[in-house]
Each structure stands twice: as C-alpha cells, then as structure tokens.
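2 protein chains.
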Amino acid sequence: MEELGRLTVEEFRTASKFPVVIVLENIRSAYNVGSVFRTADAFLLQKIHLVGFTATPPHKEICKTALGAEESVEWQYFKTCRESFEQLRAEGYKIYSVEQAKGSTELQNLGWSSEQKIAIIFGNEVSGVEQSTILLSDGCIEIPQYGMKHSLNVATAAGVVLWELVRGNMNGSGSNLLEKI
Amino acid sequence: MEELGRLTVEEFRTASKFPVVIVLENIRSAYNVGSVFRTADAFLLQKIHLVGFTATPPHKEICKTALGAEESVEWQYFKTCRESFEQLRAEGYKIYSVEQAKGSTELQNLGWSSEQKIAIIFGNEVSGVEQSTILLSDGCIEIPQYGMKHSLNVATAAGVVLWELVRGNMNGSGSNLLEKI
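Chains A and B supply the protein sequences, listed in that same order. So for the first sequence, my numbering puts the first residue at 1; every next one is plus one. So for the second sequence, my numbering puts the first residue at 1001; every next one is plus one.
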C-alpha cells in the first residue's frame, strides 16, 4: 500500500480534493453507480450526489464494482435534482449536465480550473439527463462522438469527463496532495 | 438518426478512422468487452484485438453492453499478445501497455498525433497486463490516480485513455469525417 502511495480510507476522507461533485440522476444500474464511486476515488473528487431512483450504499451491486470506494468517497442522497442543486448553489458550485444539446460545450473546450467548484450531472442510461434538470443547470457538456451509436456507457462517460477535468489541473490539489503522501 | 449525424453500420465500416487499435488481453468480464466496443464505435477507432480468454462476439453479455457496436467495429481474435503484436508491427503500429510501472508515461504527457499508428493494451481486471506482454510493448502508459484503490474499472480506463488520444486530434480523421456526413 505505502509503496504505491495509496491513501487509507481515513486519509482519503481528510485529504484536500478536486472541488468536483458528481450528480447521478436516475441511474438504472447499480454496477454503473459502483464504477463511478471507484472513479471518484481514483481522481480524488469531492462527493457524489445520488438522485431519484439511483441506488445508494450499502448495496451488493455497488459494492461489487466500487471495490471499497463507497467507503472512502463521500455521498448524499436527494429525491430530486432541484434539492441537490439548491445545496450545490449554496455551496458555490456551477452545475453542468452531460448531454448532447444545442449550444452545449464540447468537452475538450471546457477549460475548467480547479479554483472553481463544479458539479457534473450524468443521467439515466436510456433517457439521459431529464429536460427539467438541463434547464436548471448552467450549461451542457458534450463528449464529441463520431460513430454509429453516439452514446457511451454512463460509467465510461463519467470517466472521460472527470479525466478531462483532472488532466487540466494536474498541478492542482490532487498532485499537491500526492506530493504530501 | 440523420439529424444527429450518426453513421450506419456500412458507413462506419468504410469511414476513415483514428489509427488506434485496442488490445484486450484476458478480460474476465464480457460486459467490459462490450463497453469497450461501444467506446471504439463512439470514438471511431480502427479495430479491437481480443486476446487469450477474452470473450468474442457473438456473445450475449457483449451484446448487452455493446448495443450494436460489435457489428460496426472491426475485431480479430488472437491466442496470444505475441501473435497480435506480430501483425500490429507488420502494419506499422507502436504498442503501449496501460499499466502502473516504473518509467511509464503519464497519460496527459503522451502527446500522440493521429499521423502515427498506435495500439493500446488493457489487461485483466485483477492482474493487469501480463509482465511478458509489457516486455513486448514499446512502453507503458499510466493514468495518474490519487485515491485509496489506485485502480479504475477496465472499461472506464479504456474510455479515459482513448479520449486522451482523440481529444488531442480533434482536427484529425474523426472530425474531418464528421464534416463529410
């Protein structure tokens, strides 16, 4: 453990993190939820909001794909995105939906800096982010896609978007943290 | 379909693609294989090599997560990475393993240009890329990770690495292709 610079659960909880909150709205597969927990752990992100009928820990299928990250990553349940967003706005977060929509920002052009708090919403595997939720958010982010399906698995999409945030801020809180370990 | 600029299976097969081959070595979960097919479709990648005990189409679980991408994305089965690499080298590919190893290149520093052919190997969910396979490849790529687990789901890791390749080459074959549609 120590050789690889891995954090313990306690160290993770108290570590300074990238100010990124992931909002999972009505995710059908608890396996996908678990995978997102694992990604949030790997990239040292702030928190996950689980919204609507998205499964919450403790949950057998989340456990199977989160591999313990559901113990380290902070999470909170909300009935609706409206309630989640009220809290996020009070805490100073800008809120973006990941969705293919008119006027959406292509992911590579996002230019996020880790001095700004950001929340990213991922929606249902079939229907995507709810229209009412998109209207409540500050904008949409789109992953450019060229193929036959124009859709990524939601856990894969989360990995892609969250990496884009982290990669541009490697000298931010994450790598400072890493130096401290 | 047309409105979103999606390709048909036939258009996808004949479209000019990013010269990226994904090599999946001994992947345990056919669901993960299917997710990678879907990502390869979305990012318009060249081909997938399925190696060792990695499942191959037609397969119920691949089908469930690939959502048709197993019909559009070209694939080939190899018993060993040695055989896969012989073909790749003959075709002019550089070969990189995704693995945390001494001297590995951090993903954000890869600086790949789409004028170069590249193959990326993802290994088993538990044991990673085989040591013998790492030795046969031209180098290792590492996704910087800060958390408790230091590991991403393999389909998520594939999404992250492949996005890094595509994002730096948005004016390459992919976006030219998009303009043609």
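Just so you know, these hints were derived from the structure itself, not from any lab. A hint or two may mislead.
Stated by the list, open to error - Here are the simulated BS3-like pairs of lysine-lysine, each with C-alpha atoms no more than 27 Å apart in a straight line:
no., chain 1, residue 1, chain 2, residue 2
1, B, Lys1149, A, Lys60
2, A, Lys149, B, Lys1102
3, A, Lys47, B, Lys1149
Remember, predicted model here, so these are calculated numbers, not experimental data.
Results of checking the hints against the structure:
1. B/Lys1149 / A/Lys60: Given that 27 Å is the threshold and the Cα spacing comes to 18 Å, the pair holds.
2. A/Lys149 / B/Lys1102: It is violated: about 38 Å lies between the C-alpha atoms, which goes past 27 Å.
3. A/Lys47 / B/Lys1149: Holds, at roughly 16 Å.
Hint compliance for this structure: hint 2 is the single one not met.
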